[in-house]
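Chains as they are written, first to last, in my numbering: chain A, 1 to 270; chain B, 1 to 95.
In case anyone wonders, no lab produced these hints; they're calculated from the structure.
Every residue, glycine too, gets a C-beta built ideally from N, C-alpha and C.
Each hint can be trusted.
Label-pair distances were calculated between CB atoms; the ranges are:
id: 1; chain 1: B; residue 1: I15; chain 2: A; residue 2: V212; range: 34 to 40 Å
id: 2; chain 1: B; residue 1: E70; chain 2: A; residue 2: R57; range: 47 to 53 Å
id: 3; chain 1: B; residue 1: Q43; chain 2: A; residue 2: N56; range: 55 to 61 Å
id: 4; chain 1: A; residue 1: K179; chain 2: B; residue 2: E50; range: 51 to 57 Å
This is what each chain is made of:
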Amino acid sequence: MSTTRTILICSGKGGVGKTTTTANLGIALARLGARTVVLDADFGLRNLDLLLGLENRIVFTAQEVLAETCRLEQALVKHKQEPNLALLPAGNPRMLEWLTPKDMKAIVSLLEEQFDYVLIDCPAGIEDGFKNAAAAAREAVVVTTPEVAAVRDADRVIGLLNTQGVTPVQLVLNRVRPKMMSIQEMLSVDDVTDILALPLLGLVFEDEQVIVSTNRGEPLTLGESGSPAAKAYNNIARRLQGEDIPLMDPSEARKGFRARVRQLMQTRLF
Amino acid sequence: MTVKDFIDKLLGRQISSASTAKQRLQLVLAHDRSDLNPELLAQMRREILEVVARYVEIDLEEGDVSLETEDRMTALVANLPIRRSIQQTPEGGTL
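Isolated chain B (complex conformation) (with noise of 0.2 Å):
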């Protein structure tokens, strides 16, 4: 954010369109580089949040995975704050 976003900001006014523009090109680049459609990835969101809440409790309304990208390398992210782990027993059981 620059000087100028932080007054334009403070007195409720329009961002400029360079930085609508940087932003919107920054996601749909990712998507167009990773080829996953929104569909795709919010439900791939979905099956990864499954997957670990089987293995500890995470904060489902926190819970954040997205595409980011820098220098043509696109990167899922996955950011999952973690509650308390579930102990397993071998057999599959919880304690």
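So that you can see chain A by itself, here it is in the shape it has in the complex (with noise of 0.2 Å):
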């Protein structure tokens, strides 16, 4: 039995995350001296080796490993700044529909002797690419924001992650906006997670930062830059080890006078 831990990144809906917290959670892992591969199960649109700079480094996909083709070594692409970190791409755009359970059971179990976190780029939608993503996790992180659209997917997504066995399911709260939350124009956090009933791994406020990173191909957690989003991502990495970090409170930003006067509105009556 190993001990790899193969986390599945997931979120139903698409364009909440799933993918930039995919390559911040990698980078981070790596720099905590952890031996990580990303393995992006979305190749129809592949997208985490241009969020990582690897695009152009590509040659070989999973699929040529499973077909013999090349060895696994060939087709794992090494982060050049930080070696702990491997990306795997499943396959590629022009090869649709080749990718079932058992191949992705199969690739897995190859990282799985190699590395100490696999984790899964996940499509979005849970359709067939979201069933193979889902056949060799052993846990999942679930990407949602506090937007009611991708709660609700967020909620289909966790029961079929549930119906599968996969645990534990942890929750990752993206694109908070502090502000919104303390007028009660935004899902609380606490709003979310009593809906979802799941624990929650972390929260990532919203960051301009994150679309300069994605630009230029340099996840936010390969800097030392204190941005809040890489604060948040490097904390993730730490409880995904075990750390005890505590959650960043979105309100603690906001004290004062007026946020005093807010907290007092938002006392419950009955």
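With the hints as a guide, bring both chains together as one complex.
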């Protein structure tokens, strides 16, 4: 029995930050010394390579490894600045419809022989792409944002993960806007965790630096930048490693007289 | 309801969009999780009322059958105020 942690990063809805989360967590875990591989299971619309700045270095994919036209080592793309991190694309965008749950299990068991973490970047949706990506997952991180559509879709995915016996399933609440939460114009952290009934692994505040880092192909956790999202992803990586790190408090950023009045206004009457 | 909601209500102001969002989500998720659409639920409600009405006289205006969700558990909750029971003989006739 390997001690590798094989974690599916999924969301149901697209555009909530699955791939950004996978890239940043991958780098953060690698920097903590863990041998980490990120597997892009979204091979129809693969983007993990782009976020990691590795788009020009992909020669082979998991597909060639399984067909035995290349060795696993040839298909793994090592990150330049962070050698503990490798990327493996599941397949080629031109070769749709090849991956089955059996293929996924085969490739993941190869990876589990040499890595501490296998992070699987899941495609959006709950159809075959999701089922394939989830086939080999032992645990899962569900990424969602405090918006109705994202929470609803996350709920569907959690239901599917539960029936598959994936556990633990933890939540990352992404693109949190503390200002909007404080005036109750955005679902609160408690609202989302109440509804989805999942333990919260991390909160990531909306951060423009994410866009800048994506432009450059250099995930935020790569640098020493103290940007809020970089801190959040580093904290999530440490929590995955078992460290006890308190969650950020969205209301913390907005203390003072007005914040206290606002807090009074949020006191429960009945 | 919070102090803010209460004042908003008093002043006739709109309720905050976050609480609207939460309410709407809870409702839609109860249906998603049970895989029951509102039409099926309405049909089930009618049939449950029919069955119950054979044994007791219920207040059809007050009766309510709905889905409630807590911690990923969805429950079918029927709240049917009984006016009085209808005594039945073993032959099935009403006394």
